[in-house]
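Enquirer: Listed here are the chains, written in short residue letters.
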Amino acid sequence: MAIFNAKDRIIECKLVFYGPGRGGKTTNLEYIFKAFNKNTSSEMISINTMGDRTLFFDFLPLGLGKIRGCEVKIQLYTVPGQARYRSTRKLVLKGVDGVVFVADSLEVRRKANLLSLRDLADNLKSEGKNIFRIPLVMQYNKRDLEGHEVPLLPLETLDMDLNSKLKAPHFAASALKGEGVGATLKHALLLTLRRLQTDLKWTR
Amino acid sequence: MQTSEKESIGRLLKEAEIYRSHGLLSNSRAKYLEILSMSRKSSAISKNQKFIDGIKSKIRAVEKSLDELRKRPDKPQLNQDMQALIKKLFSFSKTEAAAAIEGAVALAKFGQYEKALYEFHLLLSQGILPLVMAKNIIRCHVALKKPDAAAEEFSKWLSRDLFSFDELAQLRSFTAAAFEKEGIHTPLPELFTRPRKTFSVNKEEETFLEISAISIHLQNGPFQSENLDFEVHFQSANTVTVHLPSTRKEIAEFFVPGTRLDNIECYSPITVFRSSGTVAGKATIKHGPKRGDYTLDISIDAD
Numbered sequence: 000m001a002i003f004n005a006k007d008r009i010i011e012c013k014l015v016f017y018g019p020g021r022g023g024k025t026t027n028l029e030y031i032f033k034a035f036n037k038n039t040s041s042e043m044i045s046i047n048t049m050g051d052r053t054l055f056f057d058f059l060p061l062g063l064g065k066i067r068g069c070e071v072k073i074q075l076y077t078v079p080g081q082a083r084y085r086s087t088r089k090l091v092l093k094g095v096d097g098v099v100f101v102a103d104s105l106e107v108r109r110k111a112n113l114l115s116l117r118d119l120a121d122n123l124k125s126e127g128k129n130i131f132r133i134p135l136v137m138q139y140n141k142r143d144l145e146g147h148e149v150p151l152l153p154l155e156t157l158d159m160d161l162n163s164k165l166k167a168p169h170f171a172a173s174a175l176k177g178e179g180v181g182a183t184l185k186h187a188l189l190l191t192l193r194r195l196q197t198d199l200k201w202t203r
Numbered sequence: 000m001q002t003s004e005k006e007s008i009g010r011l012l013k014e015a016e017i018y019r020s021h022g023l024l025s026n027s028r029a030k031y032l033e034i035l036s037m038s039r040k041s042s043a044i045s046k047n048q049k050f051i052d053g054i055k056s057k058i059r060a061v062e063k064s065l066d067e068l069r070k071r072p073d074k075p076q077l078n079q080d081m082q083a084l085i086k087k088l089f090s091f092s093k094t095e096a097a098a099a100i101e102g103a104v105a106l107a108k109f110g111q112y113e114k115a116l117y118e119f120h121l122l123l124s125q126g127i128l129p130l131v132m133a134k135n136i137i138r139c140h141v142a143l144k145k146p147d148a149a150a151e152e153f154s155k156w157l158s159r160d161l162f163s164f165d166e167l168a169q170l171r172s173f174t175a176a177a178f179e180k181e182g183i184h185t186p187l188p189e190l191f192t193r194p195r196k197t198f199s200v201n202k203e204e205e206t207f208l209e210i211s212a213i214s215i216h217l218q219n220g221p222f223q224s225e226n227l228d229f230e231v232h233f234q235s236a237n238t239v240t241v242h243l244p245s246t247r248k249e250i251a252e253f254f255v256p257g258t259r260l261d262n263i264e265c266y267s268p269i270t271v272f273r274s275s276g277t278v279a280g281k282a283t284i285k286h287g288p289k290r291g292d293y294t295l296d297i298s299i300d301a302d
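Sequence lines, in order, name chains R and C. If you're matching positions, the first sequence starts at 0 in numbering that gives the first Met the number 0 and goes up one per residue. If you're matching positions, the second sequence starts at 0 in numbering that gives the first Met the number 0 and goes up one per residue.
This is chain R alone, in the form it adopts within the complex (with noise of 0.2 Å):
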């Protein structure tokens, strides 16, 4: 539910990285904050007090400039992908704009990658949205693990899996080294920002 001032010209909006647990999507906010420091007007937050694993949410503010005449503001956000934090992943889903999935590509994460996205669908569901229909990007994170004679799935594979009939845009990405990180970013927030301009009918 983007917020949309009208007498001062800016535009909130709100991105969300959603995935399977220890999929990479703090780590995917972690490289934004470094790769576009430029943008950032406070510190990536993350409320996660327990080590490396998201237990409530990361959030980002990206300030992006202006863009036909709007002052466009991002708040970027990771749920937590552990199954049991459900109830949160749905609070953090309110009033979402776009989503980048983040699926995880070592082999043995296949059927989470698939419960993470149903439980997307299931949540955008019960806050009276479409996983068709938001704008949505698909990212097969980890791909730096290839020749590391660990059993990852080939990106054809992550994409019948999880994209046959979404047919999201997909980037394949290594989001420790930052690789098809600023890609998969760029593309969600064009998404975004289109659907946005139809939605509130923004011109200059």
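The set of hints was computed from the structure by calculation and includes no laboratory data. No false leads were slipped in.
Derived EDC-like pairs (lysine to aspartate or glutamate); straight-line CA-CA distance at most 20 Å:
no. : chain 1 : residue 1 : chain 2 : residue 2
1   : R       : K185      : R       : E70
2   : C       : K145      : C       : E181
3   : C       : K108      : R       : D118
4   : R       : K128      : C       : E264
5   : C       : K93       : R       : E11
6   : R       : K128      : C       : D228
7   : C       : K13       : R       : E148
8   : R       : K6        : C       : E230
9   : C       : K13       : R       : E145
10  : R       : K128      : C       : E225
11  : R       : K110      : R       : D158
12  : C       : K108      : R       : E126
13  : R       : K6        : C       : D228
14  : R       : K166      : R       : D118
15  : C       : K74       : R       : D51
16  : R       : K89       : C       : D73
17  : C       : K144      : C       : D73
18  : R       : K128      : C       : D261
19  : R       : K124      : C       : E264
20  : C       : K134      : C       : E152
21  : C       : K46       : C       : E33
22  : C       : K87       : R       : E42
23  : R       : K200      : R       : E70
Computed beta-carbon distance windows for the label pairs:
no. : chain 1 : residue 1 : chain 2 : residue 2 : range
24  : C       : A282      : R       : D198      : 27 to 35 Å
25  : C       : L65       : R       : S41       : 32 to 40 Å
26  : C       : E252      : R       : R193      : 27 to 35 Å
Since the structure is predicted, the reported quantities are computational estimates derived from the model, not experimental observations. Glycine included, every Cβ here is placed at the ideal spot set by N, Cα and C.
Take the given structure of chain R and dock chain C to it, following the hints.
Expert: Just chain C now, kept in the frame of chain R:
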């Protein structure tokens, strides 16, 4: 050790380490167990006690980490700054009261029950949705495993002129159900006498959720592609009254009594839900600063 065996175990070891470094502890443990099983079956490796002990030690380390994770609280207490941030980030409504409720509900959902209790008490003292606030207060006490505090709270409400008899009865059964769900046997005071305060709220008014705003999506007609958003100015049971400025005359003209609205998003302080409804009435404001503006009565389907 056979070369192929050596290679297989080497691969499995790398895999187990990768899973461990990625925090996939159960997968890591499973791989180490697989290695241990393979090693025991192999005549060459089963004699290499140092290797087997090494794997066992890795399994113990992973199990210890898994155990620590299991023991960690799901929703630890956050500092005041983080609680304030949660309250700010999860208050979406434009009206102050609705935003305050959303913030308090978010705090409770994130497990910040003490802070949420403070917020719900504040809202209750301001007379904002007393029954909803009271239920949330009970929920927080139960979540904090403080049934005595919940029972004491209920006793206080009994002795004050805050709720009607029916509302107190509702609160009592709500609290009893919450206790039962958690296996709590703390007794609750009985409702013997009808308090002084009586309310003439009918059943429908009591059960229909408060709606603070609506968004109408029309399937056809001139406003087909628009989201028509309205703040609710007044609500009686399932009928809400919204305000339309005179500058939006074309919309007012479109909504004639009887117009069916198949897609209405209703925003309440505690949830958003989709419904349908009918335009029940329309009037032009004849006096005051909003003279010339319109009011629309929309009857929301109570399904």
